[in-house]
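Q: Sequence:
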Amino acid sequence: MNRFVNGLGYLSKDEFGWAVGFNAVCLVYFLSHTTVSNLTVTAIFILIATLQIFVAIFILALASPLTFASDPSPLQDFCVAINDPKGSVFVNRKFCKDAKLAKADDFYFSGLHIRKTTSNTFGSIVTPLNVAQMPGLHTLGISMVRIEYASNGSLNPPHTHPRALEILVVLEGTLHIGFVTSNPDNRLISKVLYPGDVFVFPVGLIHFQYNIGNVEKSIKGNTYAVAFAGLSSENPWVITIANAVFGSNPSINADILAKAFNLDRKMVKNLQSKF
358 MNRFVNGLGY
368 LSKDEFGWAV
378 GFNAVCLVYF
388 LSHTTVSNLT
398 VTAIFILIAT
408 LQIFVAIFIL
418 ALASPLTFAS
428 DPSPLQDFCV
438 AINDPKGSVF
448 VNRKFCKDAK
458 LAKADDFYFS
468 GLHIRKTTSN
478 TFGSIVTPLN
488 VAQMPGLHTL
498 GISMVRIEYA
508 SNGSLNPPHT
518 HPRALEILVV
528 LEGTLHIGFV
538 TSNPDNRLIS
548 KVLYPGDVFV
558 FPVGLIHFQY
568 NIGNVEKSIK
578 GNTYAVAFAG
588 LSSENPWVIT
598 IANAVFGSNP
608 SINADILAKA
618 FNLDRKMVKN
628 LQSKF
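Residues 358 to 632 in our numbering are what the sequence shown spells out, letter by letter.
Hints in this document: simulated from the structure, not taken from any laboratory.
There could be a bad hint or two in this list.
Computed cross-link-like contacts, DSS-like style, restricted to lysine-lysine with a CA-CA straight-line distance of at most 27 Å [as the list claims (entries may be wrong)]:
(1) K626 with K473
(2) K473 with K457
(3) K631 with K616
Beta-carbon label-pair distances, calculated as ranges [said to hold, decoys possible]:
(4) D542 with Y465: 23 to 33 Å
(5) K460 with R544: 31 to 41 Å
(6) S608 with F464: 35 to 45 Å
(7) V555 with A599: 38 to 48 Å
Each residue gets a CB set at the ideal place from its N, CA and C atoms; glycine is no exception.
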């Protein structure tokens, strides 16, 4: 079906004809039920303009595509990401390699079996596997991470992924996990997971994982835990709540945070100094 540009956006001939017809029917109906002698020419023009605005809003509501938070579906088999501006296609902020030049290594990554150092404040480390590590993931709308928890009490702190849901499976250890629903309920939904258990975190909701492993089952005194998670975006992004609120650059005014969190201003400044 041919589509063309007009004042209402991209509409098919049938859609545009329907809009014009609807406009005309409304006008004829109004005039047939109104004494024309009582109307001024100005009033008629105002009526026509009003009807046109109404039809425009109505058609746009019908014709506008739905908006999704996840990645769009690709229109090609794959689009291996490259940084070369000579690439023939530019999709999602990256150039695509010529499909004929794609090779197995573009769709391959090795290293998620390697244990990483977790010597940080939270005692956890996240190893991502997204389009930056595997160019072949570009436009495929998926990525994954390996999460390691060093010891009992280690934490993957409250955070959110603006673009993706997350499905997590525990391989080793015991994790207390949960997410908080949006306003106004702010309900905590949580559970304790063991090896082989799976849990999903909905898109955009604040969630966390906390290592509560049994010390008696530890190796060399450590209650080590490992989980893998899949995310519904090639680049889901992450916002760690405490870092964003108390560690922003430049800092959020301490008076604002004191009011928002019902804290003393000195306490807020102390928290900001830790990030």
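Q: State for each hint whether it applies.
A: Taking the hints in turn, this is what the structure says about them:
1. K626 with K473: Judged against 27 Å, a Cα distance of about 33 Å means the pair is violated.
2. K473 with K457: Status violated; Cα separation ~36 Å.
3. K631 with K616: 19 Å, holds
4. D542 with Y465: 23 to 33 Å: Taking Cβ atoms as reference, D542 and Y465 lie about 43 Å apart, which means the hint is violated.
5. K460 with R544: 31 to 41 Å: Distance hint for K460, R544 is violated at roughly 48 Å.
6. S608 with F464: 35 to 45 Å: 42 Å, holds
7. V555 with A599: 38 to 48 Å: Check failed, 27 Å falls outside 38 to 48 Å.
Of the numbered hints stated above, those contradicted by the structure are hints 1, 2, 4, 5, 7, listed in ascending order.
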